[in-house]
Amino acid sequence: MPEGATATKTVMIWINGSAWNVPEGSVVGAAMLAAGEPCRKSVSGEPRTALCGMGVCFECRAVIDGVSQQRTCQLVCRDGMHVDTQS
Amino acid sequence: MISKAQHADVLVVGAGPAGMAAAIAAATHGCRVLVLDDNAAAGGQIWRKGIADRSESKVRDSKQAALRAAFRASGAELLPGRRVVDAPRQGILRTVVDTPAGPIAESFAWDRLILATGARERFLPFPGWTLPGVVGAGGLQALVKGGYPIAGKRVVVAGTGPLLLAVAAHLRHDGATVVSIAEQAALRQLVPFAASMWSHPAKLKQGTRYRRALAGVPYRIGWWPVAVEKASSGILVRLTNGKRTVDEPCDLLACGFHLVPNTELAELVGCKLNGDVVEVNEQQHTTVAGIFCAGEPTGIAGLDAALVQGEIAGLAAAGHTEQLSSLSRMRAKECAFGQRLNAAFRLRSEVTLLSAPDTIVCRCEDVTFSRLQGHSSWTEAKLQTRCGMGPCQGRICGPAVQSLFGWRAASVRPPIFPVPISAFGNNDSDSLEEVNAFQETQ
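So the protein lines, in turn, are chains L and S.
First residue of the first sequence? That's 2 in the working numbering, and the numbers climb one at a time after it.
First residue of the second sequence? That's 83 in the working numbering, and the numbers climb one at a time after it.
Hints were generated in silico from the structure; no laboratory data involved.
Built from N, CA and C at the ideal position, the CB exists for glycine as well.
The reader is advised that the hints may include incorrect statements.
[What the hints assert, rightly or not] Listed next, with one range per pair, are the computed distances between beta-carbon atoms:
no., chain 1, residue 1, chain 2, residue 2, range
1, S, 425, L, 79, 44 to 50 angstroms
2, S, 162, L, 68, 28 to 34 angstroms
3, S, 314, L, 88, 22 to 28 angstroms
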């Protein structure tokens, strides 16, 4: 742990191939917004991120460990999780 | 796999304040109570826990702490992570739960059913509202509670409703710079509402607390967002009051236009709606025998209404109606508050006229405003454009289209949430038949 870091535990996830350390318990959709990576590309190719944050709008769908259409706002980051923008 | 349906004397859908209050009331009167919720924990949206306060001991709000303690002690069993997708026959609800091994379908049999499905934010389309950086007001708060690092971010909060102030205060508390709050309601609507608050001292106190926490932040009453553009750093939000406009550079726009009751499940099980809300009697009984509804689906009225309606529904479902008279006065008072609330924050016509021809209205299917124009009904527009046919099933664009065009969404059909076919595995043949029905609707 780097000097000055707090005792907050982190987990490491892969977002579109880049490694990110996020606080343990973080929601995947929140991590993607923080990373500046879109959750999905819309049917006309627009980048989209979470809108409702409560599992209703389906804008935050992404590919989690190879499984598509996962609502990332309802999903907690697991160490080593692979998260990819869904197109 | 074949699984036996779990049975509940009282099955509660939704573990927010209304569902928790209902479950406590029914369970403490001897009923076997199961509570289903789509989220990972009880509390609903209003009491969603942040990653920093997962432990129960850190709940500072005494009302919440008391209800959580009573819920744990009641004997009601919470089954989190379940989304209700179907009601294949009278007395049965079917859910899907995601597990590490994939999604699994389960069935729940009930003698009495209490629907406490809460509300969602109303979103209205305007140019740029689909850009990353534009988030719901409650949506952003949920993401911050889910670990989004808001500290140092510049945020504009816009739309309508009491949620805006609550969200802005929380964001600022967590280190955000709240650039501006734009409330579309006119001052002449808000003044009588504020004046009526003397009869709700606790709510008044909370409102005052939020205003104090937001000292120095411009609270623009009678202003609304008209457009968002990408900027060199972050986004540019254009606000107007109809006469003047201001451009606010920021990182995020937290935007929602009050709340919409979640009535899909009530509709699916045959409950009659009264306008946009589930019709209930004084005992929270819907028009269907054995089915009760409490909280926001019966009319947006906030936390206190949800708590008293939930308790009434739980007692009524448990057959203890003799205690209800003492609660009926509070119920009436909170319902009246809800009516004043919704009148105060009703939408001005201008905010329903913000779309440009190329503004996307249905975000799932990228259906633009111009493609919807010229149709005469929701059903016609849906068939011609696929508006509302994506995975949100019209939950976002439905209320928007209703505000923009006056079309009421068509009747609800199962599954009311998208279901991966794999969830049903090798269930019995009965289920297989329904799986085929699901495939047809997808």
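Could you check the structure against the hints above and give me the numbers of any it violates, in ascending order?
2
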